[in-house]
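Q: Spelled out, the chains give:
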Amino acid sequence: MTVRTVPGHRWRCVVPSAAALALAACGCGDRVGSEPPRTAPVGDEAAAPAQVVLASTDLAVGRERFAFAILTPEGSPIERADASVAFYDLDRDDPTVAVATADARFYAARMAAGGLYVVRFDLATAGAWGAEITATLADGRLILPQRVRFEVAAAPRGVGIGDVPPPTANRSLATEPNLSKLTSDPQPDADFYRLSVDEAAASGRPTVIVFATPGYCVSRICGPVLDEVKAVKAEAGRAVNFVHIDVYRRFDPLELADEMGAWGLTTEPWVYVLDAEGRVADRLEGSVTAAELLPIVQGVAGRATR
Amino acid sequence: MQSPAVAPRIATRYRERVPNCWAGGAVIQEELRVVAERRDAGFGPAHGQRGQRNVRRDMALAGALFIASILLSCRSAFAHAELLRSEPPAGASVVDPPHDVRLTFTDALAPESSIDVVDDGFRPVAIGPASLLGDDPFTLRVALMPLAAGDYTVQYRAVEAQDGHAVEGSFGFRVSGPGGPAASRATSRWPIAGGAGVVAAIFLLGWLALRRRWPSVPP
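Taken in sequence, the protein lines are chains A and B. Heads up: the first sequence at position 164 corresponds to 164 in the numbering used here, and the numbers run straight through without jumps. Heads up: the second sequence at position 113 corresponds to 113 in the numbering used here, and the numbers run straight through without jumps.
These are calculated hints, taken from the structure and not from any lab test. Remember, predicted model here, so these are calculated numbers, not experimental data. Some hints here could point you the wrong way.
[Said to hold, decoys possible] Below, a sample of chain B positions facing chain A; criterion: calculated Cβ distance under 8 Å:
#1 Pro89
#2 Asp116
#3 Leu147
#4 Asp151
#5 Ala161
#6 Gln162
#7 His165
#8 Glu168
#9 Gly169
#10 Phe171
#11 Arg174
Note that beta-carbon positions come from the ideal geometry of N, C-alpha and C, so glycine has one too.
In isolation and in its complexed conformation, chain B is listed as follows:
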């Protein structure tokens, strides 16, 4: 619905001047005022039936631009780097300890971005500083020490390469592992005693079956 003549100008103005929704509202209000002034000054189609329709069209177009521009400006306001995905995922419980943490963001990052990983005693478990992947400036990676079973927290600070804005956050993951509490809970489904019981049952059934085949031998 946007007029090709108007939309690029508004888009440019928004990028230059409208970093958030509230400022976007102010600019589009000015646009509406300009439209109204031009209408009142007689620019465009002459008044009359055709002029009135064009005025309504202009105002409807301005209204649509208002809504679209608010959405655009809000979207541009929200254009901060956001965590797109992580390995391990937030809240995940993994059996095999990860060797590294990889965080992928929506924006390219600056090298001063960082990742800290701590265990349940707040002890750092990362090896060296985080670094961007060579061919992927959107992904930040940090190597990890061999992790024991337990809970870990990833705390990141992602600095956007374009404007230096920083986004911070943290999430947890759990290593269950073969020695971890979750794994031991899982293996409790088949406890050693239960397994032995199964084996014993097999032998008992087998003995009963074989006993029927082999008549007892008198002493």
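Isolated chain A (complex conformation):
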């Protein structure tokens, strides 16, 4: 994800480098308690050089999806490392003691190489936070612990979990029969453009909404993410609605879609999952894998059939 400045709208994205940011997600159990910072063992063995790129930029108080990629210095993704994250509230009296530590699980993308590590964690307060990321690679080497600072807002910039989405009468095939004007996806699935969000939310079925622009994606992962969602659609069947809203309502020249501002989105792509009542059940910024998304969708769909 990279920054792309559109007139009257500032973007911010994080680019994980050349290889496609695959998706990974995993929330594993948290171990809550005070623990000292962990470090790689000191010794003569060399630490594995690695970069860490945070994929989550809109973090707010509450249960959040903390996602990151681990790359070589050259930008190639490092997959299937045993990674964990220790969280530090830097505004506390003793910011050197971790608030909690959680294991991250790696999810690989179906469509492209690479992966993403994700932790689901409860961020209790707004302010300055730190994350100490440690990882053991498949060959047994440790990376030097990465300590990254990030800000936690009191409320998310975009529509948050539990919220009722804003009225969204986005264009669909009913209002614009020309698919090439609805989407920049060179191989669109027409099912993604049959309903507006309002119609989907009122249908009594869960809905997956993808905000992405495969044809003009600055982050370079819009297309791969949309492909991952298509894979989820193939397995979810007709019990779930799928809606794709392109980031741009016009492609030549580029004009930002109104829905991006209405939903408070300043990065791309985003995936939202609405429950059967139309409330936001989950939201995933940036890279999303079918491996992460499918259980979420199935869970929401399962609750809808009860």
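Following the hints, position chain B against chain A.
A: Relative to chain A, chain B alone:
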């Protein structure tokens, strides 16, 4: 294999319209359609043996252009600033604490690019904001406080000068130093006690050698 007449046009269209691989596929599909329409309309060589060979050549050329253009568009899609090298290098363990951090990227950067460096307590250790080197807009530099032995994390945000896109990332490095844990581990190979033992051994051997040369003197 590219036709000089066609390649520049496709290249221009790609730069204008194709920011990534998926859009590149759409454009080249359109190119193939145009080629097929012109063939069907009878433009170019007449049908017949010579015409058929030219049609196959045209389609083969279009296919090659398809592949090349996908690669070009993918390459252009990947043309974001990437970290080319850093000093200190990612994951490095250095004995002497660095005085600054220098990051060199593949693209020229804007002045609003930034570098944060923190220690193992998340405390900032950089002095002032990062700045571009005067004669090198590809390299971002930030000065550091005197660093003690320990682990440090560099967190950067590189804003491309051309289009304002930002790339972020972080990496760690370790200062072992003469007082650091890694250095002390290294010096443990020659602990003080061991060194004294070597000295003692030298003296003992020397004493034995000299004792043989000098006969004992009776009290």
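Q: Hint by hint, say whether it matches the structure.
A: Right, here's what the structure says about each hint:
Interface hint status for Pro89(B): upheld, as the beta-carbon distance to the closest one in chain A is roughly 6 Å, under 8 Å. Proximity of Asp116(B) to chain A holds as hinted, the smallest CB-CB distance being about 7 Å (cut-off 8 Å). At a threshold of 8 Å, the smallest CB-CB gap from Leu147(B) to chain A is about 14 Å, leaving the interface hint violated. Restraint check, Asp151(B) versus chain A: the minimum CB separation of about 6 Å is within 8 Å; hint holds.
Hint on Ala161(B) is violated. Least Cβ distance to chain A is approximately 12 Å, over the 8 Å limit. For Gln162(B), the shortest C-beta to C-beta distance to chain A is roughly 12 Å, which exceeds 8 Å, and the interface hint is violated. Using the Cβ-Cβ criterion of 8 Å, the hint placing His165(B) at the interface with chain A is satisfied: the shortest such distance is roughly 4 Å. With its C-beta approaching chain A no nearer than about 5 Å, Glu168(B) sits inside the 8 Å limit, and its interface hint holds.
Given hint, Gly169(B) at the interface with chain A, holds; its Cβ is 5 Å from that chain's nearest Cβ, closer than 8 Å. This hint holds: Phe171(B) has a C-beta 5 Å from the nearest C-beta of chain A, less than the 8 Å allowed. Annotation: Arg174(B) was flagged as interfacial toward chain A, and the flag holds, the nearest CB pair being 6 Å apart, inside 8 Å.
Consistency note: the structure conflicts with the earlier hints numbered 3, 5 and 6.
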